[in-house]
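Each chain, written out:
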Amino acid sequence: MKLENIHKVLVLGSGALKIGEAGEFDYSGSQALKALHEEGVETILINPNIATVQTSEGVADHIYFLPVTPYFVERLIEKERPDGILLSFGGQTALNCGVALYRSGVLEKYNVQVLGTPVETIINTEDRELFVRQLDQIDVKTIKSEACENIEEARRAAAELGYPVIIRAAYALGGLGSGFCDDEEQLNALAEKAFSFSPQVLVEKSLKGWKEIEYEVVRDRYDNCITVCNMENFDPLGIHTGESIVIAPSQTLTNSEYHKLRALAIRIIRHLGIVGECNVQYAFDPESEDYRVIEVNARLSRSSALASKATGYPLAFVAAKLGLGYGLFELTNSVTKSTSAFFEPALDYVVCKIPRWDLAKFRGVNRELGSSMKSVGEVMAIGRTFEDAIQKGLRMIGQGMHGFTENKELHVEDLDAALKAPTDKRIFAIAQAMYEGYSVERIHELTKIDNWFLQRLEHIIRMDEELKKTGDLKKLGHDLLLRAKQLGFSDFQIARAVGLGKKMPMDEAVVEMRKYRKSLGILPVVKQIDTLAGEFPAQTNYLYLTYSGISNDVHYQGDKKSIIVLGSGAYRIGSSVEFDWCGVQALHTIRNNGYRSVMINYNPETVSTDYDICDRLYFDELTFERVMDIIELENPHGVIVSTGGQIPNNLAVKLDKQRVPILGTTAKSIDNAEDRDKFSAMLDRIGVDQPEWSALTSMDDVEKFVNRVGYPVLVRPSYVLSGAAMNVCSNDEQLHKFLALAANVSKEHPVVISKFMTNTKEVEMDAVARDGEIIAYAISEHVEYAGVHSGDATIMFPAQKLYIETVRRIKRISGQIARELNISGPFNIQYLARENEIKVIECNLRASRSFPFVSKVLKINLIDIATRIMLGLPVEKPHKSLFDFDYVGVKASQFSFNRLQNADPILGVDMASTGEVGCLGEDANCALLKAMLSVGMRIPEKNILFAIGGPKQRAHMLDTIKRLVARGYTIYATGGTSEFLNGLGIPNVRVYKKEHVDEFGQLKQPIVSDLMHQKKIDLFVGIPVDTLADSVHDSYYKMRRTAVDLNIPLITNARLAVAFINAFLDVPLDTLAIKSWDEYK
Amino acid sequence: MEIKKAILRLSNGVTFEGYSFGADVPVSGEVVFNTAMMGYPESLTDPSYAGQLMTLTYPLVGNYGVPEFSFEPNGLATYMESDRIYARAIICSEYSGEFSHWNGKETLSEWLIREGVPGITGIDTRALTMLLRENGVMLGSIEIEGCAPAPEAQYEDINFVDQVSCKEVIRYNEGPDKKKVILVDCGVKHNIIRCLIRRGVEVIRVPWNYDFNTLESDGLFLSNGPGNPDTCQALAEHIRTYMKTHKPIAGICMGNQMLGKAAGATIYKLPYGHRSHNQPVRMVGTDRCFITSQNHGYAVDAKTLPEGWEPLFVNMNDGSNEGIKHVSEPWFSAQFHPEACSGPVDTEFLFDDFIQLLK
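Heads up: the sequence lines are chains A and B, in that order.
Our numbering puts the first residue of the first sequence at 1, with every later residue one more than the last.
Our numbering puts the first residue of the second sequence at 1, with every later residue one more than the last.
The following block holds chain B by itself, in its conformation from the complex (with noise of 0.2 Å):
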């Protein structure tokens, strides 16, 4: 195979060289960085990466391949955390051609290939993530040698989750006597489906601007997303409405930043955002501490929860807000993910402390 040249052209003018491993197919968007060092089969399906060029810290990739891409009779992937590539490129240092692992199915690149994702090696991605941390991130493109230029790069006024939301109904685990919960998809990951599955309830996956206070339920959680929580104006609505019922909330990442819009708090954009699996968070008032898998760009403004409201989690390098409660009612929600996939899973209790509150 022959191999093309690839730049990858920052929005302050800065380009960094490398050699093209997938699809020779130009992109924009934001470029971010991530510092997992497993896990890239996860976090290219996570939708939450829904407009972004994601770079990864950990120079090699592409070791263990990438397993089949495969569907439970539920519908739910099997290895996989949605149905497709999100992520909009791969960045790394050091691609491996070749694999070996007794799951996997086919190689890094030909996933990419075959998805029409681009990736890019050879880049000095230490040097990258210092930048974005210094400026923040950065629209960008990659640009593929002997291909057309890449289309102009935007971000921030998309509306990436009505992109990645489903587009209708569907129901998980239905049963007569199964409690039943509304998930919002915002973009949600396949497992928080599964953690709330194995957990016994039915679950009701909705569009994320669907009325979902028409429908039946005990309880109301909220997915991941990509971009923006601002442009999800009327799930705020919904939600607020949704309180009037006393029914528990919970909420993860975007769920933990639309839970806090509902309650009244100002939502800001970090500077280059938490994605990693080793975000330590501390819950407020207690001496317990987590290891917590990340991927988010955006806040709640703690400094804004109104009253009624207090952070449960804090983030402890930052002192960024990673959760929220009602100091009355049910409702609560994270802003890492204690469903992991990838990243560690000290923090499924979550689920657990959600589905007791069903009762």
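Bound conformation, chain A alone (with noise of 0.2 Å):
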């Protein structure tokens, strides 16, 4: 029965997305919204994140875009008195921000009820040692762990355990700090970093080679309990979960082992009192049936996320209405509607989930895996065999690989390390030893992977050898071919393994393969996710697509009422979660006005794959070739593919060439704009101005133009998103170098050398046209300079400092280009502007990463008004002026640096955060204060190191140091920097590096190492002069990386660093205003 006397329930979410925490909770954190809704509670969120879709409209009763950070959440209850709250789904943040309220008393004070978990069980969860004593209590095994306070405790642990030993930060998000050790040496460095998260470390016997395992709990207060589902990583222990490829159901457990863990997960949850969702990470031996406990996790997860998806089974959901007070027997089956939610789903496929990293963006970052995580987003593939499901995964991570086999030749020197010490790459470098003769047990006893996958994965190249013997297309028989799609290759692997390839164009080849795949009757079937293997009838439309199989679960009319909606696949830098959002709200207009709404994605991660965010989910991939079996399938009236940021984009020109109906905006013109020799022709010939430019036919026309416009330039070949192969050259040595490389990249189009500006501002145009006019449109400011990518920027909205001349001139260009393109949609410009200089930097005909963002700062839906127009549905103009606004909105970036061991925390034309926060204040500095503490910038309380690169930028901190001086803040300068402070007579202590010594051979005092470690610096302003410069090598690196290492606040750049200073030094954090989203008008 539901509690009587819970109305209003504050739920806290997750913030930004980081590495660790990233859009896994905005599905869960919908789903208990939904829940509570469904019952009648009026709810309450607080998340800074702007771009998910649980901060969207209707979703919860008021939205506070609010750091969720203890501080904040307390002054948010002292308003707004909810009776009840929601810990578990926002991530360890929420988890974390919960236990401090709890611990500070303040929920008692305000009479505010923990709904679902206790707390009291969360502490015994998280901190170690009270874990590992409640399970000893019942018997339960657990790996043997010392809680160590300080670095002596932890070496004396690790002698007597003995090594290699694990290290963990207690309360620490997804393996944060914690690492192997293998010798006391490595045990040190890692401590001391564990140490500056958390006063206590952890020091445990490693078990590296053990399976891992886990299980996903619910119980309720009745103390009635199941397992959703267990899982079973690819990788053996010693890569974090988030790091590895997981399987489910497990596949090399036997009955009694699945069923003594099941059990022992059971018997886990029930002592330590959990009501809702759980899950238990088992490590598992290998050679008998001992196990142990590694953790338990009393809140929604990555992994809770993953099995709702692999399953069906909402855990989210349930677990929110569990905490209301039901049972699971008064709840329903949300796919059958008319079987009980008190089950245990029986899959009858098999899910892959592969981690996407995206570490080639980083400069001088560690690529092994290990404890901590470092993946950035994920895929999760469904088939009928192994084989085809982690081909489908390999394909999805979008890395630019075609599966398992007849990739890219990625050539291992030494593979016997590459197989050892496992990487990014490793699945690859496993395909390679397979092709040069290593069995599956010399491969098994370099990595420890079971070899049950080994032997699926061979499999895989066996079949690949039998491709490659029939040497022709017309060769390949019904059965044999058949045999390889259901073993999960696409038509381009056969294609190209029967040397098609060899004798057309890819592109060519894998339409011609497809047409003969079709003329032997070879077609993937749909299957449906039902929860029950088809013992019951489901209700929702949760489909994939397989081979195995002989008959369509669903029926299709060729009503031709479809509208498909092509998502934005694994999380990525560069893509996440706001596209994810412009795909739930084209899915919700396209619903509301009566057509069919498909979705086409793979990350289960996102709403946009909630079965019933649409009427159709097809969880597959987005390549050309199952986008189209889809679009056969279900012949639509079009396809939408201008919401899911690049991958959609890309396919708009192979889908025309079938003449499929894209809606909006042509393929032409999507081609017109991407292509950016084309582009850049078309504003010269509309007299649009733009950096100096050349498409790049040979080096002697390279260099010509070079030597014209000079140094720095921006080397950009065609169709790519968020920097990737773009690059800033400073120097002849390093275009050389570049190019090299990005010939290889595309070799369909031609790469395009701009004159790079500096010191110019960045203004962004978001907007939406019908047939050439803009409807709608959203001009907002970047506060950085031109070079830090437009992902990493802090940006402004409405634009707060532009000349109105500026402003005007924007507009009427945007004008010109949506006319010249025929725009029907959404699209963003980017521009330069120096004084009333515009210049366009480029154009995607297609919603960009701030179309959440200026949507809810404008309270205009410009997904839903694009959706509208493609659909050919009447839309007004909106009638809003930038004038109009009392309030600004800021958006920061999240980076997720300290997860990133030894990768630089500088800002360039590569974009390097992980996520976003959107906050909304009275003027720009409330904004600002707001989003940049939601990233997890502090106040300082007292002591800021400066080191400022150059003198330009030295000049334009001066005033904002001098005020933090008045202010009665230290400063602590480098070399430099110092000798500029001293030279105006502005107070400062000069610090030294450790190679410093003075005559006596002395060491310098104070050391700036020393000073970190010691906590005494609150903010490190680190502005490098050249953020283009090769800057791994640069002295400062070691200072930004120490800081980081160290969580210490770091600004790289000087106009952030200004403008934060500036805010907190004019807005004390008690006058901030605790307003909800509806609140500012």
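Among the hints, erroneous ones may be present.
List of simulated lysine-lysine pairs, DSSO-like, C-alpha gap at most 30 Å [said to hold, decoys possible]:
no.: 1; chain 1: A; residue 1: K952; chain 2: A; residue 2: K755
no.: 2; chain 1: A; residue 1: K337; chain 2: B; residue 2: K105
no.: 3; chain 1: B; residue 1: K5; chain 2: A; residue 2: K474
no.: 4; chain 1: A; residue 1: K859; chain 2: A; residue 2: K79
no.: 5; chain 1: B; residue 1: K4; chain 2: A; residue 2: K474
no.: 6; chain 1: A; residue 1: K141; chain 2: A; residue 2: K420
no.: 7; chain 1: B; residue 1: K105; chain 2: A; residue 2: K260
no.: 8; chain 1: A; residue 1: K469; chain 2: B; residue 2: K4
no.: 9; chain 1: A; residue 1: K208; chain 2: B; residue 2: K105
no.: 10; chain 1: B; residue 1: K303; chain 2: A; residue 2: K420
no.: 11; chain 1: A; residue 1: K560; chain 2: A; residue 2: K668
no.: 12; chain 1: A; residue 1: K485; chain 2: B; residue 2: K4
no.: 13; chain 1: B; residue 1: K105; chain 2: A; residue 2: K448
no.: 14; chain 1: B; residue 1: K303; chain 2: A; residue 2: K485
no.: 15; chain 1: A; residue 1: K475; chain 2: B; residue 2: K4
no.: 16; chain 1: B; residue 1: K5; chain 2: A; residue 2: K475
no.: 17; chain 1: A; residue 1: K518; chain 2: B; residue 2: K4
no.: 18; chain 1: A; residue 1: K141; chain 2: B; residue 2: K105
no.: 19; chain 1: B; residue 1: K5; chain 2: A; residue 2: K515
no.: 20; chain 1: A; residue 1: K518; chain 2: B; residue 2: K5
no.: 21; chain 1: B; residue 1: K4; chain 2: A; residue 2: K468
The set of hints was computed from the structure by calculation and includes no laboratory data.
Assembly of the complex is requested from the two constituent chains, each provided in isolation within its own frame, with the hints serving as guidance.
Here it is, written out as structure tokens:
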């Protein structure tokens, strides 16, 4: 029965997306809010992540774009007085915040009831020592671990346990500050880092090579328990589960093993007293039934989101209902709508999750995978063979791979080493090893991956060899081709294997292959995920495609009512939750206007892959082949390619060639904007200014061009997103080096070089047009000057510091471009503005990253308007003008450098942020301060360290530093900066690097790294002279990195530093208004 | 090895084509589906599958191979649920020819061939399952390329219990001070015997039609078994006689149906049965719910329970009866499998409840 005293509930969100805490919490929070809403409970959500679906209109009753910190949550509770609070739907951020509020007595003071799992239980699972004690009480084995309060204790514990050991920081997100140590030297280094994140560090015996198995467990307050799903890691213990390829259900466990671990999980959840959902992670001996419990997460997690998508069981939704007091027996299975929610899903397919890394984007980063998470996203593939699932998955991660085989040669020199030390490329090292004749046993010896998985992979290689043997498409018989398709081979892979790619361009070969396959009658079938393996009929359309089947579960009516929205795929740097929001908004509009909404996407962290967000969800690939398969089945009214970021955008031309009805802007126009050569020529033609550019055809031309415009130059191949394969070159050497690489990236489109502008403002135009006429738009402005990627920049909307004339020109030029490309739908143009001189940098005929931000600040849903236009429905021009606003929105970026060992935390043309927030305020300062606090900045108490490169930047910061001094801050400064300040009579403390010695051979004091380690620095403003240089060898790199490793707030951009410092000097924290979104009018 | 094509032909004429991976022996029987995701060695040796062609909805089968078919000194199988494979055939989508497990001794294929049982892979088991769901279970046969045609299929009128039950009395865990439990073997899974032995009682396993009222005992346990319970009239009579002693009686699966029959209730055939590891049951009149392992095609019609009897458990998906009890006598039974093997072990406490009653 529902608790009677709960009418108003506060839900804590997880804030910006970061490594270890990403889109899965938008999904879980959205589900929780839906469950509360269904029960008539008034909902309040605090989450500064403005790009999420959960912070959209109608999802929660009151939405606060504020930092999820005890300070702000307390003030919010004081204002809203909720009856209950949900802590377990916003990841570790929400959990930690909730525990802090409980400990400080805030929850008791305001009489707020924690719904679901009690806080005592949360503490028992989070504090390692308490946790072990709890499990000891019920004779459940844990990994022997010692909690240490200082480094000496850690050394002693490690010596007692015997190396190798693993170190973890208590209360940390996704393995932050943890790792393996083979000896004391490694321990010293790691332990120090771990202590900087947590007062408690755990030293444990390492069980490398054991299997890693996870169970998702649910319990209601009547003590009824179920395990919704179990999952097996492809990679053995030692690699963080977020970094592992994960298979559901387990593949190598016997009945006895499966149920032994299942029964233990239930015993644990009962003893701990969880109400709602938790996961239990095990280490499992591959040679016996011995086990250890690794950890229990008493909250919704990345794994629970995956388990929900893998099984169709909505864990977060059910957990929220259980928190409200229901029993599982009172709830209904959301898929069948007739059977009970008290059941355990039976799968009749296999699911494979593969992480998506973006390590190539970071300078200096360590690529080895371990117990700390580095991946930025993940994909989930569904198949009826393991081979199909993993090959689908490897295509989905979007790193240019075609599956397990038939990829671009990725030659590893030292194979044994590549197999032994796992990196983001290990799976492909396995493929190479198999081709080179390594046996399954040998690969198992090196990797400890279970033989069964390796046997399946070898199966793929054997099939590939068989395909190659045919040597000709026409010799490919029906049975062999069907079997290859069942094993997950794409048309591309098969075409390449049989040599079709040598006879014609691959694009054509794929189409040829498709024709041939269809002529043999080999077509995929559509199967439903129904939670009960066919035992009861499903009322939802959660679908995937497979060749292991003879009939479709869906009866296609051919009514031309379907509108297919292509999703955005794996979250990656440059493309994440904002495109999920766009996709979901498009689906809403489609549904509300009487069409059948159809989504194709494969990212388990998203809301767009929630089966009740649309009428049909195809959880499958966004490749040309698979999208065409679905289009041929659906026979849709149209396809939307403009709300899912770059992946669907890149498909537009290919789909158009097959006469697929693309809604909105035509594929030809998309191509004209995407192809930089064509686009730049068009701008010249219509008289719109742009940075001087040239299409690269020969080295001579390049040199002539560079000689004329001078360095730096921006080198861009066509079709890129987020700076991938785009680079700024400051000298001949860099240019030649990069061009050698870039030429490989895309042969079909020319490479464009343009003059790179510095000291220039960047302005963004997000807009929607109909038949070339702009209907709605938003102009926003970057705080940083050009040179910081737009995805990393801090953005103000409405633009606060632009000349009216600049705005007018931007509107005019945007109108010209919209007309010229005859845009119908969303688009984004980026501009450079110096004085009133405007230049176009680029234009995307699709929704951009900033669409949710500007839509929510404007309170005009640009995607809804765009979708209506694409559907041919009438729209009205909104009447709002930029000057109607009594508030400002600021979008700030979240970086995850602390996760990326050795990566230089510096910003450049390549995007590095993993997430963002958007906050509202009465003025720019208020909004900026909230936004910066939301991405982990702290207002410094006393000491600020400055290391500012170059006279220009020092001058720029001078007034701000003076203000800090006047307010009583102590300024620490490195050599040049200190001299500069001394020269102006500004008091400061000179700091030294370790190599500085005085005339007596003594180290000069204070040493900067010592200050940092002693936690004496509250904020480090480290502005590099040249962000474009190869920075890892920069002497300041170490300082920046140390700050990140020690969790000291770091700002590397002068304009942002000035804005932030002025904001906290001008606005006392307690004067920041606690206002919900709808209170900003 | 040459791969032979094989065909599953249903009584309504629908055929499914696949490949043989077991013995090349044409067979026929009742086609049923099982949605468990693991446990094929246990299921294949479960005598309740006698006469049935078992379709596994989970596509990947054979991954962890098959353990050694060894027996303990007391005659019970170490890892299996009886002395041989009882299912007449296994039907799956993607048989894994190689396996990986420390306890695996042979491939599933090798085992099937050794025991003369056919296996067919490459079947769209989901389509087959949905067909059975819509039409009810059907008779069917497996034909293998180059082999003789399959015999005609029969199921309902055959007394399978008589075929699978032991032929003489077997005693386990004997001892002078131990409570004595008569276990009627309608096709008992070895784990029922293990569960009883573990609780310190002497188990006297008797053939299904044996008049156990002639034996000294402290309680009666009715096992699971295959087929139509109405073919086991003799057993119902024996149970009725035993009831006069007022001693404890418990039953599992067919044991539930037999106790129901003895009480006077009627039994009916479910359209497609319950064969899975995820069946939710609720203890009637309480908020206690359990995930159970099930394998049955027939059920007690709870509406026909006479006075003095009431339902003990009910299925939360389809409302069918999952157990009965007497209001005053120490008699109860469960339609599901508290001994699991394969499946979840959450209801093993029912054995404790039974042992408690013996005191």
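These are the hints, each one checked on the structure:
1. A:K952 <-> A:K755: holds, 21 Å
2. A:K337 <-> B:K105: violated, 43 Å
3. B:K5 <-> A:K474: holds, 24 Å
4. A:K859 <-> A:K79: Holds: A:K859 and A:K79 sit about 24 Å apart, inside 30 Å.
5. B:K4 <-> A:K474: holds, 25 Å
6. A:K141 <-> A:K420: holds, 28 Å
7. B:K105 <-> A:K260: The hint holds at about 21 Å.
8. A:K469 <-> B:K4: holds, 23 Å
9. A:K208 <-> B:K105: holds, 26 Å
10. B:K303 <-> A:K420: Measuring from Cα to Cα gives roughly 64 Å; hence the hint is violated.
11. A:K560 <-> A:K668: OK: A:K560 and A:K668 at ~24 Å, within 30 Å.
12. A:K485 <-> B:K4: With Cα atoms ~20 Å apart, A:K485 and B:K4 stay inside 30 Å; holds.
13. B:K105 <-> A:K448: holds, 21 Å
14. B:K303 <-> A:K485: Violated, at about 52 Å.
15. A:K475 <-> B:K4: Holds: A:K475 and B:K4 sit about 22 Å apart, inside 30 Å.
16. B:K5 <-> A:K475: holds, 22 Å
17. A:K518 <-> B:K4: holds, 26 Å
18. A:K141 <-> B:K105: holds, 29 Å
19. B:K5 <-> A:K515: Between B:K5 and A:K515 the Cα gap is close to 28 Å, so the pair holds against 30 Å.
20. A:K518 <-> B:K5: Satisfied, since the Cα-Cα distance of roughly 23 Å is no more than 30 Å.
21. B:K4 <-> A:K468: Distance of about 25 Å is within 30 Å: holds.
Going down the numbered hints, you'll see the structure goes against 2, 10, 14, while the others check out.
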